[in-house]
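There are 2 protein chains.
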Amino acid sequence: MMQEILDLINENKFSQVRDKLTEMNVVDIAQILEELERDKVLIVFRILPKDISADVFSYISREQQAYIIESITDKEISNIVNELFLDDTIDFIEELPASVVKKVLKNTDKDKRNFINQILKYPENSAGSIMTIEFVDLKKEMTIKEALEHVRKTGVDKETIDTCYVIDGHRKLEGVISIRKLILSDEDELVKDVMHTNLIHINTLDDQETAADTFKKYDFLTMPVVDKEKRLVGIITIDDIVDIIEQENTEDFHKMAGMEPSEEEYLKTSPFKLAKHRIVWLLVLMVSATFTGNIIRRFEDVLQSVVILTSFIPMLMDTGGNAGSQSSTLIIRSLALGEVKLNDIFKVIRKELSVSILAGSVLSIVNFLRIYYLEGIAFNVSLTVSITLLFTVILAKLVGGILPILAKKIKVDPAIMASPLITTIVDASALILYFSVASWILNI
Amino acid sequence: MMQEILDLINENKFSQVRDKLTEMNVVDIAQILEELERDKVLIVFRILPKDISADVFSYISREQQAYIIESITDKEISNIVNELFLDDTIDFIEELPASVVKKVLKNTDKDKRNFINQILKYPENSAGSIMTIEFVDLKKEMTIKEALEHVRKTGVDKETIDTCYVIDGHRKLEGVISIRKLILSDEDELVKDVMHTNLIHINTLDDQETAADTFKKYDFLTMPVVDKEKRLVGIITIDDIVDIIEQENTEDFHKMAGMEPSEEEYLKTSPFKLAKHRIVWLLVLMVSATFTGNIIRRFEDVLQSVVILTSFIPMLMDTGGNAGSQSSTLIIRSLALGEVKLNDIFKVIRKELSVSILAGSVLSIVNFLRIYYLEGIAFNVSLTVSITLLFTVILAKLVGGILPILAKKIKVDPAIMASPLITTIVDASALILYFSVASWILNI
Numbered sequence: 001m002m003q004e005i006l007d008l009i010n011e012n013k014f015s016q017v018r019d020k021l022t023e024m025n026v027v028d029i030a031q032i033l034e035e036l037e038r039d040k041v042l043i044v045f046r047i048l049p050k051d052i053s054a055d056v057f058s059y060i061s062r063e064q065q066a067y068i069i070e071s072i073t074d075k076e077i078s079n080i081v082n083e084l085f086l087d088d089t090i091d092f093i094e095e096l097p098a099s100v101v102k103k104v105l106k107n108t109d110k111d112k113r114n115f116i117n118q119i120l121k122y123p124e125n126s127a128g129s130i131m132t133i134e135f136v137d138l139k140k141e142m143t144i145k146e147a148l149e150h151v152r153k154t155g156v157d158k159e160t161i162d163t164c165y166v167i168d169g170h171r172k173l174e175g176v177i178s179i180r181k182l183i184l185s186d187e188d189e190l191v192k193d194v195m196h197t198n199l200i201h202i203n204t205l206d207d208q209e210t211a212a213d214t215f216k217k218y219d220f221l222t223m224p225v226v227d228k229e230k231r232l233v234g235i236i237t238i239d240d241i242v243d244i245i246e247q248e249n250t251e252d253f254h255k256m257a258g259m260e261p262s263e264e265e266y267l268k269t270s271p272f273k274l275a276k277h278r279i280v281w282l283l284v285l286m287v288s289a290t291f292t293g294n295i296i297r298r299f300e301d302v303l304q305s306v307v308i309l310t311s312f313i314p315m316l317m318d319t320g321g322n323a324g325s326q327s328s329t330l331i332i333r334s335l336a337l338g339e340v341k342l343n344d345i346f347k348v349i350r351k352e353l354s355v356s357i358l359a360g361s362v363l364s365i366v367n368f369l370r371i372y373y374l375e376g377i378a379f380n381v382s383l384t385v386s387i388t389l390l391f392t393v394i395l396a397k398l399v400g401g402i403l404p405i406l407a408k409k410i411k412v413d414p415a416i417m418a419s420p421l422i423t424t425i426v427d428a429s430a431l432i433l434y435f436s437v438a439s440w441i442l443n444i
Numbered sequence: 001m002m003q004e005i006l007d008l009i010n011e012n013k014f015s016q017v018r019d020k021l022t023e024m025n026v027v028d029i030a031q032i033l034e035e036l037e038r039d040k041v042l043i044v045f046r047i048l049p050k051d052i053s054a055d056v057f058s059y060i061s062r063e064q065q066a067y068i069i070e071s072i073t074d075k076e077i078s079n080i081v082n083e084l085f086l087d088d089t090i091d092f093i094e095e096l097p098a099s100v101v102k103k104v105l106k107n108t109d110k111d112k113r114n115f116i117n118q119i120l121k122y123p124e125n126s127a128g129s130i131m132t133i134e135f136v137d138l139k140k141e142m143t144i145k146e147a148l149e150h151v152r153k154t155g156v157d158k159e160t161i162d163t164c165y166v167i168d169g170h171r172k173l174e175g176v177i178s179i180r181k182l183i184l185s186d187e188d189e190l191v192k193d194v195m196h197t198n199l200i201h202i203n204t205l206d207d208q209e210t211a212a213d214t215f216k217k218y219d220f221l222t223m224p225v226v227d228k229e230k231r232l233v234g235i236i237t238i239d240d241i242v243d244i245i246e247q248e249n250t251e252d253f254h255k256m257a258g259m260e261p262s263e264e265e266y267l268k269t270s271p272f273k274l275a276k277h278r279i280v281w282l283l284v285l286m287v288s289a290t291f292t293g294n295i296i297r298r299f300e301d302v303l304q305s306v307v308i309l310t311s312f313i314p315m316l317m318d319t320g321g322n323a324g325s326q327s328s329t330l331i332i333r334s335l336a337l338g339e340v341k342l343n344d345i346f347k348v349i350r351k352e353l354s355v356s357i358l359a360g361s362v363l364s365i366v367n368f369l370r371i372y373y374l375e376g377i378a379f380n381v382s383l384t385v386s387i388t389l390l391f392t393v394i395l396a397k398l399v400g401g402i403l404p405i406l407a408k409k410i411k412v413d414p415a416i417m418a419s420p421l422i423t424t425i426v427d428a429s430a431l432i433l434y435f436s437v438a439s440w441i442l443n444i
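If you read the protein sequences in the order shown, they are chains L and F. Residue numbering for the first sequence follows full-length UniProt numbering, beginning at 1 and increasing consecutively. Residue numbering for the second sequence follows full-length UniProt numbering, beginning at 1 and increasing consecutively.
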């Protein structure tokens with residue numbers, strides 16, 4: 001299908017292209033535009049029917065959006081902006097170069113421009129910044145018939161009519177009613193008798209992550225956003241929430257690998273920026289690994305008298321690091337999903353203690369059998385390594401389990417208490433353990 | 001609010017409790033039930049109005065569901081099951097003990113039981129297993145007025161009426177039409193003239209992850225599920241997709257930390273099960289860390305002639321591991337989001353090469369300055385360590401960038417090419433590099 005259309009475009013058979021495209025989903029049309037060379041992009045974009053072209057516009061990349069806006073006439077811009085939903089307009093305005101934004105705002109009608117400016121004022125990542133103001137509002141005194149009539153009259157420009165909002169004269173939110181309820185109710189009933197009044201809403205300044213958590217908790221499709229005076233100012237829809245959920249997950253993945261989170265796509269980010277995002281933690285961790293060096297230097301005589309001990313340092317450190325990051329990952333994720341709360345810390349300690357004794361014992365025994373019988377390492381040394389391994393695993397899992405919860409307690413993002421940091425902490429402790437056990441068992 | 005109701009329950013003021021509860025969201029009522037002791041759970045559950053109690057039932061924990069089903073009468077079970085949406089019924093049937101399931105199925109009417117059995121046959125995590133069959137179907141010859149009439153008559157039992165599906169006599173899917181379109185269109189128009197015919201659907205046996213990706217791509221709220229003969233058998237709704245997205249993310253987090261993924265909540269999982277999920281990778285990685293031990297033993301003479309070299313091993317290994325897992329995490333996540341494709345491998349190599357030279361040089365220079373000037377390490381040794389560091393970072397980032405893509409190419413989940421595995425691979429290479437550079441610069 002895709003290839004067929006690309007071929008038609010290259011053969012300049014545009015009327016056939018138009019017929020094919022109008023039958024396709026706008027997301028797929030946007031994808032085709034991404035594949036085209038610049039001169040073709042404009043031609044194809046212009047042959048799309050007006051209502052489709054605005055929709056397609058909201059799905060193409062920022063680069064293409066900027067290019068199209070720069071190339072088309074003011075009248076065409078005005079057509080697109082008037083067809084676009086407000087939240088999509090804001091999405092691209094926030095990320096485009098100033099010159100392009102200016103051209104867009106110049107061709108937006110005054111009302112819409114005011115709304116845009118108003119929403120742009122909300123802080124980044126706040127509920128206000130992701131809401132749309134295109135919703136259906138009803139009055140509670142309306143009959144169902146009047147309400148449906150109102151939906152019919154005003155619904156065409158709204159982002160969703162699935163949920164309608166009942167407000168009073170001061171725009172205070174009084175109730176919500178689904179289109180389903182409107183359709184299935186008797187036409188003579190009053191809105192106020194059918195609407196839901198147990199209202200779960202979010203404030204304009206709340207974080208978008210809070211909004212996402214509330215959507216997940218209540219299985220919402222839309223949620224009202226109110227200002228400080230509890231006036232309804234907008235709604236958030238689930239499609240934007242799905243994006244936010246993925247964005248928050250990506251941030252956690254990045255932080256947990258010791259990087260500054262970034263919303264930009266990997267392939268579109270410059271090497272300088274990528275390096276900048278990664279270097280800070282690498283530097284911090286490299287410098288803090290100095291501890292391990294100092295510990296080794298302090299116990300140099302131990303290592304010199306039993307040289308073979310050195311060769312087990314990497315295995316002990318790696319296993320400790322891996323055991324610790326398993327625990328920290330589980331706890332960080334459970335905290336993010338709300339499955340583990342701050343006051344569960346003792347339950348976590350108890351559980352990690354049991355798990356680490358179980359896992360540590362198995363590892364320790366397997367390791368002993370392997371190095372004593374297979375590799376022929378001396379009994380005392382094998383014992384030293386295996387005992388250290390057991391305690392390292394226990395320690396690593398406790399540290400991995402506790403640190404993320406403590407971080408959250410002091411309002412630091414638990415995600416930074418992940419693998420890289422745990423590894424560095426556990427390494428130092430593992431070495432001290434190792435040398436202490438060695439001094440004790442080997443009498444050095 | 002919560003506390004107030006808990007107090008009322010403890011004072012046995014149940015009529016007040018009932019009034020309060022009926023004004024609340026079902027999710028919050030479910031949360032209150034979780035906090036109660038068992039004898040109170042049943043009382044409170046029974047005072048809820050019938051339509052609310054089924055909804056609440058779908059939000060309480062599996063343990064509570066099993067307890068309630070075991071304790072209530074057959075008639076009450078039958079009421080709940082008939083009020084429940086089919087997909088919620090299936091959700092809990094899949095996870096409850098057999099005895100409870102038997103009691104539920106015995107009290108389900110025949111039609112519904114047949115549907116349940118049919119859906120239970122779809123493989124776990126397939127689109128079929130998460131769909132619901134409660135949707136509105138229309139015929140294309142209907143007028144809008146007739147269609148709306150049909151929605152009104154049949155809509156009350158449907159999970160959603162936001163999208164209606166147009167099917168022919170053989171249940172083949174011919175089009176979709178949103179309730180919005182139905183309401184905003186002229187009543188005399190025909191469904192076939194208004195419906196969308198560019199149909200994006202999924203097959204019953206497709207993976208739920210594919211379903212989630214399609215939802216994200218097209219911003220859908222619902223999607224039709226068809227069988228091999230293209231007959232419409234069910235629909236998937238966005239609320240289930242949001243859960244699946246989070247579940248898939250959790251799986252990735254677990255795999256990336258070297259654990260078998262688990263859907264169970266951490267605090268509800270036994271230590272044995274937790275240990276079992278973690279031990280396999282710990283064992284594999286521990287045994288493969290033998291390499292590093294062997295490398296050290298092979299170069300024992302190098303270490304003995306310049307003892308100080310030992311003390312930098314942890315720092316080199318940690319920094320290499322961290323640098324590598326940054327890259328692998330970025331690439332694994334980009335692959336999961338579809339931002340990096342298999343044929344981008346050379347772009348990734350080029351980018352990681354630039355980034356690693358940038359980041360590696362900074363780290364290397366900082367490290368040289370620190371150990372030569374601050375710690376007073378000999379010039380040649382400082383140089384050895386810093387040069388090794390640069391090449392370790394380059395190597396780590398290349399390995400971290402390439403392995404996940406290669407994994408995907410041979411259809412292995414890229415998520416297992418994460419931190420623990422990369423660390424183990426990079427450690428061995430870093431040591432070989434270290435000793436080679438040392439032999440060269442220090443002439444050992």
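These aren't lab readings, by the way, just hints derived from the structure by calculation. Heads up, some of the hints might be wrong.
[Stated by the list, open to error] Straight-line distance between alpha carbons at most 27 Å, and here's what the computed DSSO-like set of lysine-lysine pairs gives: (1) F:K409 to L:K20; (2) L:K40 to F:K347; (3) F:K216 to F:K409.
Consistency of the hints with the structure:
With a C-alpha separation of about 33 Å, the suggested pairing of F:K409 with L:K20 is violated against the 27 Å cut-off. Between the alpha carbons of L:K40 and F:K347 the distance comes to roughly 25 Å, so the proposed pair stays at or under 27 Å and holds. Annotation: proposed proximity of F:K216 to F:K409 holds, straight-line Cα distance about 23 Å (limit 27 Å).
The structure is inconsistent with hint 1 alone, although it conforms to all the rest.
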